[in-house]
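J.: Chains A and B, in that order, are what the protein sequence lines are.
Residue 26 in the UniProt record's numbering is what sits at position 26 of the first sequence, and the numbering runs on without skipping anything.
Residue 290 in the UniProt record's numbering is what sits at position 290 of the second sequence, and the numbering runs on without skipping anything.
Since no wrong hints were added, every one of them can be taken at face value.
Below, in silico cross-link-like pairs of lysine to any residue (SDA-like), each with a Cα-Cα straight-line distance of 20 Å or less:
hint, chain 1, residue 1, chain 2, residue 2
1, B, 134, A, 35
2, B, 12, B, 318
3, B, 166, A, 72
Between beta-carbon pairs, the in silico distance windows are:
hint, chain 1, residue 1, chain 2, residue 2, range
4, B, 286, A, 73, 32 to 42 Å
5, A, 186, B, 229, 21 to 31 Å
6, B, 166, A, 213, 46 to 56 Å
7, B, 138, A, 205, 39 to 49 Å
8, A, 220, B, 286, 37 to 47 Å
9, B, 324, A, 259, 48 to 58 Å
10, B, 100, A, 126, 39 to 49 Å
11, B, 242, A, 63, 51 to 61 Å
12, B, 187, A, 259, 24 to 34 Å
13, A, 182, B, 61, 45 to 55 Å
14, A, 213, B, 229, 33 to 43 Å
15, B, 165, A, 87, 16 to 26 Å
Bear in mind the hints are in silico, worked out from the structure with no lab data behind them.
Don't be surprised by glycine CBs; every beta carbon is placed ideally from N, CA and C.
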Amino acid sequence: MSVQAEQPIVVTGAAAPGRAIPRRRRRLRAFLRNPTFVAGALILTALVLLALTAGLLFPADPQDMVGTPLLWPGQDAEFPLGTDSLGRDVLARLVYGTRASLLVGVAAAAIGLAIGMVVGAFAGFLGGRVDAALMRLVELFQTTPTFILVIVIVSITEPTIPTIAMAIGLASWPTVARLVRAQFRSLRETDFVMAARSLGYSPLRIIVQEILPNALPPVIVAASVMIANAILTEAGLSFLNMRDPNVISWGGMIGDGRDQLRTAWFLTALPGAAIAMAVLSLNLVGDGLNEILNPRTEP
Amino acid sequence: MRMGRRIASTLKRTAIHALPTVLGIIVLDFLFLQLMPGDAADVMATEAGSATAETVAALRHQFGIDQPVLTQLANFLSHLARLDLGYSPRFNASVGNLIMARLPNTLLLMVSALTLALVLGIVVGSVMAAWQGKWPDRALSVVVLLFYSMPGFWVGLMAVVLFSVKLGWLPSDGNETIGANLSGFALVSDRLTHLILPALALASFFIAVYARLTRAAMLEVQRQDFMRTARAKGLHPLLIQLRHALRNALVPVTTVAGMNLGNLLGGAVVVETLFGWPGMGRLTLDAVLGRDYSVLLGVLLLSSFVVIVVNVLIDLLHAWLDPRIGATE
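Could you put the whole structure together from the sequences, leaning on the hints where they help?
T.: Set out below in structure tokens:
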């Protein structure tokens, strides 16, 4: 279905009518015309750039003591966002913290999506006993509190970035599995799948090449929400001190700053605001994608 | 009469369905916890500082964790059949008593947070849907999106800064004033002031979830035929919205609330630690850190049980909200 169905293109200037514009460019226009998506994407791009260039912007080790401890933001021009109780530059630590949050978020979502898509695709496509068994497994995971599961998995291993991402991914796949299963169940009865079957395509080829691309839009929306949730979970974990002590993370900064909550609350407020901004950007992207990919959701 | 039959059939269906799930949870959790490196004996030996290999082995024998895994599982199951959750070596108490001592506090916190989230979320969502696209909708959307993006424990910390540190209105630690020996109304109000901030911290994310859901569901309902009929009958718009739209919109909202319950329990771990709330969440964290599997198993089991029970209640609620649900058996 074309995106044009709901939003007719307003022809500006001497531009050709909507039909003549190549499909891909029309898609791009739909993305660029959605203010929610654009706002989210802009913040997210900025955060990714910060994460990539952290080493260039702040060449000094952000774990080193560089100034007087507990300087308030604005008190010293050298440290615009102040210093923590160990005299470390808060701004530099915030920028480095972007890395851990985004890395864990993306990796965890990727793991969760991979497991969830495989389970959901098989359950939805095969149906019957396989479906019933897999859905039982999904139910098992969904009745167990996700966060407690993550805590248990992290304590099985050492808390490092890969294990934290793995734990969050392992605990978050059931939602995707349900979503993908529902998509596959409705798509497997469609005419084009029937055609593929009658051509003698193997089930795997039908799943991967025929159904999967059509099942993707809601999964893409879910992916952005999953990254957002993974970032929130990671923040909670590192707040509880389940984190790699050598990696700067926003949740950990909140945990450290909590001891000075009464005197220097900015140490808690700033990393929390950073988390909120990263999660907000992903939620904006998700909302925007939802509007673009499923135009019927808004009357 | 019909309601009674429906309740019976729902309960029967759930019992048949839930029993294998519970059994699966027990076995999976049990085997899963065996993967954790170290055990209670290790942790206690480390804390004691000077423990010989013999002492540790003796401790293991005393806790029954030197036996083969399957024997331990069989022991656990046979105790569980007698509603005995086992004994915690770390806390030196029976797991059942440990959990029961903490459960009321956690339930109080969770029920308060869930009620707060549902009431606020549904009100805000309905207001947004009623003024769709106009400024109240837009303004509230921004606020809701912010709450949707902020970590709950951080909202709690910021509330502590404002209400405890700056204004001095609310306490920020524990669930009652220690040593105050209050009774009657003073006790209730003391408990209540201790409850507000943790409940707010736990609820903040879910307020946003339910507001977004209610808005979407309310807008979806407006397009249904029965809404046109209700309008054509000349019913008061407010009555249409409350009795016809909201009633139907509540079905998806409560479904998600049931699915979120596990997350709420997980969130309680952080919030209880943050506010020094003596509940199950903190017990869980202590059990993980102390490698106390018996307590951890008990907590996991009980939380799954709570989730299943509440979902049965939600099923029944749905049957009442929308008589079409469960009518085709």
